[in-house]
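Q: As a plain string of letters, each chain reads:
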Amino acid sequence: MIVSYNWLKEYFVDDLPAPTEVAAALTKYAFEVESLTEKDGDTILDIDVLPNRAHDCLSHDGIARELSASLNLPLKKIELTESVEDDTLPTLTVKTTDEACRLYLGRRTNQVTVKSSPAWLKNRLAVLGQRSINTVIDAANLTMLATGQPLHVFDADKVSGAITVRRAKRGEVVVTLDGDEIELPNETLVIADDDDILAIAGIKGGRKAAVSLETKNLILESANFAPVVIRRTSQKINLRTDASKRFENDLPLSSARLGLDRLTALIISLTEDKGDADRPMAGPVVEFSRESETINKIDISANLVSDYLGLPLNEDDISDILHRLDFAFSLTDGIFTVWPPAERLDLLLPADLVEEIGRLHGYENIPSVLPTRTEPADDDLMFLAAMKVRAVLLAENFSEHYGYAFTKKGELKVKNPLAKNRPALRLNLTDELTEKTKRNTEHLLFDSEAVFLFEIGTIWPAGREEMSVGLSVAYRRPKQNNSREIIEKALRVLEKAFNLKDKLSVSELADDLSTTVAFPLTALVTSGDDSPADLGPYLKPNARFTPIINYPRIIRDVAIFVPAEIVPDKVAAAILEPAGPLLVHGPVLFDDFTKDGRRSLAWRLVFQSTERTLADEEVNDIMTKVTNHLEKNNGWQVR
Amino acid sequence: MIDKAEQPSKLGHLHPNSQIIYEVYDLMRQLGFSVALGPEVETEFYNFDALNIPPDHPARDMQDTFWLKAPPGLPGRAGPSDQADRPDDRLLRTHTSPVQIRYMQEHQPPFRIIAPGRVFRNEATDATHEAQFHQVEGLMVDRDVSLSHLKGTLEFLLKGLFGDDVRLRLRPSFFSFVEPGLEVDISCFRCGGRARPDDSVGRARHCILCKQTGWIEVLGAGLVHPNVLSAGGLDPNEWRGFAFGVGVDRLSMLRYGVDDVRLFYAGDIRFINQF
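Here the protein sequences come in this chain order: A and B. My numbering applies: residue 1 is where the first sequence begins, and numbers increase by one. My numbering applies: residue 1 is where the second sequence begins, and numbers increase by one.
Since the hints were made in silico from the structure, they are not lab data. Certain hints may be false.
The list that follows gives simulated cross-link-like pairs (lysine-lysine, BS3-like), each with its CA atoms no further than 30 angstroms apart [as the list claims (entries may be wrong)]:
#1 K501(A) to K415(A)
#2 K415(A) to K211(B)
#3 K159(B) to K540(A)
#4 K158(A) to K122(A)
#5 K211(B) to K39(A)
#6 K540(A) to K69(B)
Chain B stretches covered by chain A per the calculated footprint, using a threshold of three residues with CB under 8 angstroms from any CB of chain A [said to hold, decoys possible]:
#7 28-37
#8 143-155
Since the structure is predicted, the reported quantities are computational estimates derived from the model, not experimental observations. From the three backbone atoms N, C-alpha and C, an ideal C-beta is built for every residue, glycine too.
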């Protein structure tokens, strides 16, 4: 909700504190203010109105009420201009039998002069991101921004016959105010006259009875539509408007009357042409009402409030907060009876009042109390087993992978998959785990190294959910592949750790580079003891993530003869110096022997740039520098 | 220091999310909380109805929830007209909160649990959004549970995770399954709340964690809504509770400075080896 600070000021008898203080107070006591922006001499607050308050706080009235309670500053009474009603004007005829139209208020006005809006109105709308159209449309928009009640105005002379609220028939089309032609889905709630559709109820006006500068007579509409109906239509035709957003949140019935009164007064004052003898007047309000307002009453004691909050509040503290909220209440024998205002549809239970009292008293005043310590109950056995599996496999050099639940083929399918090629829930861990393990071998430095991954995750074979454990090892070259032995060893260690009498029965996926096995976690649960495994040694609370470089790396080796007494450290240092910042890994010593009084050392170097793909020539040049630098030393000879 | 060509370390790396979950477990155990788990494929009842989320709530929309197709042979569910296109009420849980209900139904209070697990949201993925992520739910039910117990517990947990210097800020918020509902912020542990956009005396002007506000949003919490206790089979006049839900991936990202949530599920050893 975008709110104007200058407009908020007008609600208060006293001066408001600075915008930053207003924002801080709202964030602390009501809603988070996400940003403050200076705009044309005003400050715009972007307020994250909570979903349970959207019905009464997507409005300047609502925010002003919250601010009044938060800062304990009184609000001005809003006075409407003197009576503008003329009973002799024809009453509007409204026909509806639809349940989704819970309340419809309408009236005519005559003798209006539609003009371009005055500067103050244009500016107010502009800072709130709205385009000025003419006095009548602007009045309707401004009144919505003030009260939260969407309002609509028709050119009465373009309406033929009665106003009907009904459902669209198959194939009916409406041309919106913006000129878009929309074919309405069956059962869309619409406002129509005897011939045509005038508006998509609660969402968007149509072009037929649009108000223009030529308009003389108006029909004002203020209604309440069923939120679900508005939301569904708005989704179907993919059109979300300021009006639909508000109707979706179940507006209070009371705001329809309030909105209509305020709109009438504003239109009359804006369209009055002082030189004209015929003042604009408003006709009687026709009310079609299907539902009546329920008055809610909540009883709560000061003790209960204190118990919930864990903070002793006395009756005076609570009375003070209820006054700030402007709630009607009585206090009899320690029991508060509270009648929340009509617009507070969210207040139904004592717990709801506890929240009102708690937040306005200030959550920072709630003491911090640890619950009395107790012995924990038994942990879920699957959780304990999973932790122990982690401890065992980490010690066997396996690192943990978290895989995706979604896959290509499976028995359980998602109705609305995010990716078309992954519509199902996975049947096993092994497919993805194998793929990941093998793909990672490209990051290894030597063919003798392997990638070790494990996962403990949910799978859905045969439509059932189960927790599976998967282990995978992969090499780069078939010749070096030792994955089966490694996996076998890990399984034996697991069996021993869990005191299994039999070998684990596993499903296996293997090829000439890798071996992957998986088994249900339940196979380990039955025999597990219930003391938690210690993962403490594997925690790295101080680890700081360094972004992964995705430019290709270039690997080079350098082998050198040095006098036998030279230690490898010295050689490494001599390589590092000329290698420069593009050397991201190494030098790694991978061969070391002494022959004929000379020591041979072979090193592997990895070059990579964080900004670009390195050229071979660039690395060749570096390697030449490295060689030259090394050979400056007496008796050092690069092979 | 010379790297050796053999496996540089004999120990594997624990996924950062597992590290966070373990730390939360280790801390909460000290307060008497034990671990409960629940299924990832849930029903509409446990994921929404029992948690006081009304039938027409936007969270149930196709956009946010992954609904499952009915398996062949299973008749479609007769639901309200807006749900006619859902032949089954099974879904991938959108939060770990259903475990609250399952646990209440099967256990007699008082109890204290945490429920770690994977959850799903149907939203386009980017650096801060994943279709799957992890949460830890906390729930305590007893006769005299109050907001001050919630505050004390969260202070213990968050100081344990982020250091004794962090301060907590509780703000009004809304989650349908708690009342009162709170958003919990911690003071920025990166800049200590000192980064100021207009600062000229040498302090940092920008903080990627708190965006110069001094506060980082870390979790949602509140007192268990009476309707939720009822749905769990408990009498709200007899029992009260507090609950909280924390995003594990978010804590990992904050803790370790990870800038892209998708890395947690990419299975890249260049990522995992850093932890």
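Q: Could you run down the list of hints and mark each one as holding or not?
A: Hint check:
Straight-line distance between C-alpha atoms of K501(A) and K415(A) comes to about 43 angstroms, which puts the hinted pair past the 30 angstroms bound. In summary, the hint linking K415(A) to K211(B) is not supported, as the alpha carbons are separated by about 38 angstroms, beyond the 30 angstroms threshold. The suggested pairing of K159(B) with K540(A) holds, with an alpha-carbon distance near 17 angstroms, which does not exceed 30 angstroms. Note on K158(A) and K122(A): the hinted pairing holds, with a Cα-Cα distance of about 27 angstroms set against a maximum of 30 angstroms.
Taking the CA atoms of K211(B) and K39(A), the gap is near 21 angstroms; set against the 30 angstroms cutoff, the hint holds. Pair hint K540(A) plus K69(B) does not hold up; C-alpha atoms about 41 angstroms apart against a cutoff of 30 angstroms. Look at the segment 28-37 of chain B against chain A: 9 of its residues bring a Cβ nearer than 8 angstroms to a Cβ of that chain, three or more, so the hint holds. Counting residues of the segment 143-155 of chain B whose beta carbon lies closer than 8 angstroms to any beta carbon of chain A gives 10, which reaches the threshold of three, so the coverage claim holds.
Of the hints listed earlier, those the structure fails to meet are numbers 1, 2, 6, in rising order.
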